[in-house]
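Novice: Sequential numbering of the sequence shown, starting at 3, is according to our numbering.
Derived from the structure by calculation, the hints contain no laboratory data.
The structure presented is a predicted model; accordingly, all values stated were derived computationally and were not measured.
For every residue, glycine included, the Cβ atom is placed at its ideal position computed from N, Cα and C.
Careful: at least some of the hints might be erroneous.
[As the list claims (entries may be wrong)] In silico PhoX-like cross-links for lysine-lysine, where the CA-CA straight-line distance does not exceed 25 Å:
| hint | residue 1 | residue 2 |
| --- | --- | --- |
| 1 | K11 | K77 |
| 2 | K19 | K77 |
| 3 | K31 | K91 |
| 4 | K20 | K95 |
| 5 | K24 | K95 |
| 6 | K43 | K32 |
| 7 | K31 | K95 |
| 8 | K19 | K91 |
| 9 | K24 | K91 |
| 10 | K19 | K32 |
| 11 | K32 | K95 |
| 12 | K18 | K31 |
| 13 | K20 | K31 |
| 14 | K43 | K20 |
| 15 | K19 | K31 |
[To be verified] Ranges between beta-carbon positions, derived for each pair:
| hint | residue 1 | residue 2 | range |
| --- | --- | --- | --- |
| 16 | K24 | D62 | 23 to 29 Å |
| 17 | E88 | E37 | 16 to 22 Å |
| 18 | D41 | K18 | 31 to 37 Å |
| 19 | K32 | S10 | 28 to 34 Å |
| 20 | L7 | N71 | 53 to 59 Å |
| 21 | R68 | K18 | 36 to 42 Å |
| 22 | A73 | I15 | 44 to 50 Å |
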Amino acid sequence: MVTDLLKSKLIMINHKKKMVEKRTIFIDKKDLFVEFIGDLKGEIETNIIFSNRFFIEIKDNNKGFRVTNPATILKFCEVLLLEIEESIKNIEKELIQ
Numbered sequence: 003m004v005t006d007l008l009k010s011k012l013i014m015i016n017h018k019k020k021m022v023e024k025r026t027i028f029i030d031k032k033d034l035f036v037e038f039i040g041d042l043k044g045e046i047e048t049n050i051i052f053s054n055r056f057f058i059e060i061k062d063n064n065k066g067f068r069v070t071n072p073a074t075i076l077k078f079c080e081v082l083l084l085e086i087e088e089s090i091k092n093i094e095k096e097l098i099q
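Start from the sequences, fold in the hints, and give me the full structure.
Specialist: Now the structure itself:
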């Protein structure tokens with residue numbers, strides 16, 4: 003009985019440890035996205051766009067395309083940033099429980 007309780011607590015601790023690691027990764031990526039979005043906005047505002055610097059390449063079944071429109075890339079990154087922030091909140095809620 004005690005060993006079952008200890009095993010269950012250990013499983014819970016290991017799960018929370020993994021969640022903390024995921025949270026750390028999300029926070030690191032969030033910081034990178036915030037910096038990237040700031041750089042991109044600055045270049046859009048000053049009309050200095052280096053299309054080779056800002057692009058998103060999407061490949062699917064050996065077919066692909068490259069998005070170089072700064073406004074499209076900015077919108078994509080802003081939506082992705084919101085998703086990352088939501089994931090961080092969800093992880094934090096789970097860790098508190």
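Novice: Each hint should be assessed against the structure and marked as holding or not.
Specialist: These are the hints, each one checked on the structure:
1. K11 <-> K77: violated, 43 Å
2. K19 <-> K77: violated, 33 Å
3. K31 <-> K91: Cα-Cα ~14 Å, so holds.
4. K20 <-> K95: holds, 14 Å
5. K24 <-> K95: This hinted pair holds, its Cα atoms lying about 13 Å apart.
6. K43 <-> K32: holds, 16 Å
7. K31 <-> K95: holds, 19 Å
8. K19 <-> K91: At roughly 16 Å apart (the allowed maximum being 25 Å), K91 and K19 satisfy the hint.
9. K24 <-> K91: holds, 12 Å
10. K19 <-> K32: holds, 20 Å
11. K32 <-> K95: The given pair, whose Cα atoms are some 18 Å apart, holds under the 25 Å limit.
12. K18 <-> K31: Holds. K18 to K31 sits at ~20 Å (cutoff 25 Å).
13. K20 <-> K31: This hinted pair holds, its Cα atoms lying about 17 Å apart.
14. K43 <-> K20: violated, 34 Å
15. K19 <-> K31: holds, 19 Å
16. K24 <-> D62: 23 to 29 Å: holds, 26 Å
17. E88 <-> E37: 16 to 22 Å: holds, 20 Å
18. D41 <-> K18: 31 to 37 Å: holds, 35 Å
19. K32 <-> S10: 28 to 34 Å: holds, 33 Å
20. L7 <-> N71: 53 to 59 Å: Distance hint for L7, N71 holds at roughly 57 Å.
21. R68 <-> K18: 36 to 42 Å: For K18 against R68, whose Cβ atoms are near 40 Å apart, the range 36 to 42 Å holds.
22. A73 <-> I15: 44 to 50 Å: At 46 Å between Cβs, range holds.
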